[in-house]
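Number of protein chains: 2
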Amino acid sequence: MKNENSPGIKEIAKLAGVSIGTIDRVLHNRPGVSAKTKEKVLEIIQQTGYKKNILASRLKLAATRKIQIACLIPEIKDKSSYWKLPQYGINKAVAELKEQGISISYYYFNSFDPRSFEEQSNEILKKDFDAIISVPFFKTESNQFLQKLEESEIAVVFLDSRQELNFKANYINQDSFKAGQVAGRLLEGLLKENGLYFVINIINERGIQVNNLQREQGFRAYFQSKSNPGKDEIYTINLPFDDHLDLQEIIPKVIERQGPKGIFVTNARSFRLLDLLKEYEDTELFLVGFDLNEQNLAYLKNGKIQFLINQKPEYQGYAAVKGLYKYLTSQDQTELNIDIPVDIIVKENAEFYMNGHMTP
Amino acid sequence: MKNENSPGIKEIAKLAGVSIGTIDRVLHNRPGVSAKTKEKVLEIIQQTGYKKNILASRLKLAATRKIQIACLIPEIKDKSSYWKLPQYGINKAVAELKEQGISISYYYFNSFDPRSFEEQSNEILKKDFDAIISVPFFKTESNQFLQKLEESEIAVVFLDSRQELNFKANYINQDSFKAGQVAGRLLEGLLKENGLYFVINIINERGIQVNNLQREQGFRAYFQSKSNPGKDEIYTINLPFDDHLDLQEIIPKVIERQGPKGIFVTNARSFRLLDLLKEYEDTELFLVGFDLNEQNLAYLKNGKIQFLINQKPEYQGYAAVKGLYKYLTSQDQTELNIDIPVDIIVKENAEFYMNGHMTP
DNA sequence: AATCTTTTCGTTAACGTTAACGATTAATAA
DNA sequence: TTATTAATCGTTAACGTTAACGAAAAGATT
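Each protein sequence line maps, in turn, to chains A and B.
Every letter in the first sequence is one number past the one before it in numbering that gives the first Met the number 0, and letter 61, counting from 1, is 60.
Every letter in the second sequence is one number past the one before it in numbering that gives the first Met the number 0, and letter 25, counting from 1, is 24.
Hints in this document: simulated from the structure, not taken from any laboratory.
Heads up, the beta-carbon is just placed ideally off N, CA and C, and yes, glycines get one too.
Pairwise CB distance ranges (calculated):
{"hint": "1", "chain 1": "A", "residue 1": "280", "chain 2": "B", "residue 2": "224", "range": "19 to 25 Å"}
{"hint": "2", "chain 1": "B", "residue 1": "60", "chain 2": "A", "residue 2": "204", "range": "56 to 62 Å"}
{"hint": "3", "chain 1": "B", "residue 1": "83", "chain 2": "A", "residue 2": "277", "range": "48 to 54 Å"}
{"hint": "4", "chain 1": "B", "residue 1": "330", "chain 2": "A", "residue 2": "35", "range": "47 to 53 Å"}
{"hint": "5", "chain 1": "B", "residue 1": "127", "chain 2": "A", "residue 2": "75", "range": "46 to 52 Å"}
{"hint": "6", "chain 1": "B", "residue 1": "280", "chain 2": "A", "residue 2": "302", "range": "31 to 37 Å"}
{"hint": "7", "chain 1": "A", "residue 1": "18", "chain 2": "B", "residue 2": "126", "range": "39 to 45 Å"}
{"hint": "8", "chain 1": "A", "residue 1": "254", "chain 2": "B", "residue 2": "203", "range": "49 to 55 Å"}
{"hint": "9", "chain 1": "A", "residue 1": "152", "chain 2": "B", "residue 2": "203", "range": "57 to 63 Å"}
{"hint": "10", "chain 1": "B", "residue 1": "104", "chain 2": "A", "residue 2": "152", "range": "40 to 46 Å"}
{"hint": "11", "chain 1": "B", "residue 1": "36", "chain 2": "A", "residue 2": "336", "range": "51 to 57 Å"}
Facing chain B, a subset of chain A residues (Cβ under 8 Å, in silico):
{"hint": "12", "residue": "53"}
{"hint": "13", "residue": "55"}
{"hint": "14", "residue": "57"}
{"hint": "15", "residue": "99"}
{"hint": "16", "residue": "181"}
{"hint": "17", "residue": "184"}
{"hint": "18", "residue": "188"}
{"hint": "19", "residue": "305"}
{"hint": "20", "residue": "338"}
{"hint": "21", "residue": "340"}
{"hint": "22", "residue": "342"}
{"hint": "23", "residue": "345"}
{"hint": "24", "residue": "346"}
{"hint": "25", "residue": "347"}
{"hint": "26", "residue": "348"}
{"hint": "27", "residue": "352"}
Please take these sequences and the hints and turn them into a complete structure.
Next comes the structure, spelled out in structure tokens:
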């Protein structure tokens with residue numbers, strides 16, 4: 000059962016009339032080989048289509064120097080923090096790649112404080128990491144970080160959200176605009192023509208997040224693209240969230256309107272809204288929200304939330320590590336940019352997507 | 000950056016006071032080691048939690064004997080055959096595992112002829128395969144096949160559908176009952192109370208397929224579980240499909256009824272139905288179907304189909320190979336049984352799921 | 001021309017596992 | 001007892017890649 004295997008370094012050496020040491024030097028761009036022989040070797044590599052055996056390579060390297068990845072994400076304050084989810088996926092991927100020689104180091108920043116991001120990113124730069132997984136929360140600070148990383152040729156993958164930065168980076172995240180469009184489609188199906196809609200942005204002291212804004216834009220774009228646009232009413236309500244939500248604004252605008260209403264909450268906190276709307280249970284609300292946290296799932300189960308959109312945070316982390324491994328071992332960058340599908344969750348299919356199910 | 004690596008075979012040998020050859024014999028259950036030393040070695044393996052390095056193992060073994068997988072699926076007649084999709088995923092996984100030493104051999108049967116399944120499965124049994132990927136289309140023939148495979152301890156993974164067989168096997172497929180429930184939920188959202196529904200089973204000469212039946216059952220179960228069951232009307236129509244669909248039955252029952260109607264087509268052929276209903280365009284139909292074939296997607300795009308359910312056929316094949324590899328190299332069976340999520344597809348998120356997107 | 005640098009290259013020992021091949025000891029037969 | 005066979009075990013070379021080490025050749029310096 001011996002097969003015509005792809006050529007190894009030994010075959011290349013024989014064909015080029017040199018030793019495997021020289022081939023290795025060419026492959027790794029190390030000095031100590033004359034221009035002439037280098038050219039010859041590269042030609043043979045081209046012709047034969049030599050591909051290094053990652054198995055053998057990692058077997059050797061895992062014992063000497065691990066692939067070191069740093070992960071810089073927001074602090075995980077409580078047990079149900081969103082950021083536990085990508086971390087779960089990252090840890091899973093690292094565990095799977097354990098014997099390939101890989102290590103992960105976590106750094107945390109305060110998501111209300113750009114300076115903490117800067118401090119932590121500087122800590123990372125002091126070390127000798129091969130790649131970074133992070134989140135483009137703060138525009139200027141992310142740009143600074145990217146600039147320094149570009150100089151030292153360290154790969155970066157951003158999770159969760161995307162914004163225009165001055166340096167190219169890799170993104171594994173959901174297209175929030177498209178997610179907003181999907182939300183529009185789903186609510187329209189429930190309300191039909193001439194619907195009444197409310198986009199609820201739950202904002203913090205730093206204002207609205209880029210993800211949420213893009214979701215709203217997508218939502219509105221969906222209704223604009225209808226054959227009879229303008230027949231629907233869409234209102235945006237920005238609710239500040241510090242300790243608690245203040246419903247002063249929402250009560251007259253939403254509750255006191257007649258007929259069915261479509262509510263689109265652009266972040267993970269739709270459950271907060273519903274917690275406070277308990278006393279208005281007779282209002283006919285249709286709600287689409289984001290993320291499969293415990294509270295949202297409870298409302299999905301009892302029918303207060305019709306649809307949830309999942310952005311597969313666990314898989315984002317998982318895919319980032321796997322993608323980086325592939326890139327660092329094979330120079331294959333294709334898996335570092337993933338447009339996460341807009342998963343639609345209803346009561347009946349919710350279980351599949353919980354507990355960090357890692358299937359596509 | 001040298002790390003406390005998990006112990007290798009050499010450490011075990013030293014601790015047990017024997018040579019690595021003996022350890023290897025114990026690990027592979029090969030003869031030539033006395034009961035006493037075997038016991039001792041096993042104890043050390045227990046204590047240290049030794050795990051073999053798959054990297055090194057496959058590096059060695061890939062050169063001598065490949066992992067050989069046979070895949071027995073229905074014939075692929077035309078370019079848009081459903082069975083091209085799992086095959087795509089299988090080939091992708093095999094390509095990724097190429098240097099690990101793996102090979103795939105395809106066998107095809109005629110899905111209308113159980114005897115062709117039997118013949119092909121006998122062909123497979125003549126060879127020396129390590130594992131089988133197939134489809135439990137024919138109950139008695141699948142049972143026969145499983146029995147013979149069990150004797151020779153060959154692993155089996157069934158894709159696509161599930162039915163009760165006399166021998167245990169692994170399944171990577173979507174729970175069709177749950178998919179039917181989801182379809183019920185989606186159509187109900189569009190029709191609201193007291194809806195009028197039609198379940199369309201498109202059947203062939205061998206009768207209704209098990210998947211389709213389970214989907215119908217799930218659909219009906221959904222409406223049974225409503226708080227006010229019995230208010231909805233649900234009719235089942237079995238349409239024979241040989242060369243073409245005959246709409247004689249469907250016209251009076253569906254088209255001539257007043258008001259909006261929900262249509263649930265339990266297989267991939269919803270486009271066939273719509274092809275024939277072109278002349279009745281003014282009827283208010285809401286349609287949920289299965290599978291992202293080209294024709295269904297076209298109807299999704301132009302709004303004739305509201306929702307499609309995706310069963311990720313490419314991923315099923317992909318996961319089968321990856322799961323088998325993990326099982327055959329690490330005795331880890333956990334990835335051989337996957338309950339594929341019921342992906343809900345609308346016009347706005349369809350693109351993510353096309354072209355065999357392999358992300359969870 | 002002889003010595004010293006520098007450049008260029010081949011040799012070799014690992015990484016951890018596998019399995020063929022011998023070597024040693026124990027068990028049986030003569 | 002000695003010869004023969006069987007059971008038990010250690011040694012070794014390989015899988016393909018990596019990189020340290022040192023040898024040889026070429027170049028520069030007195």
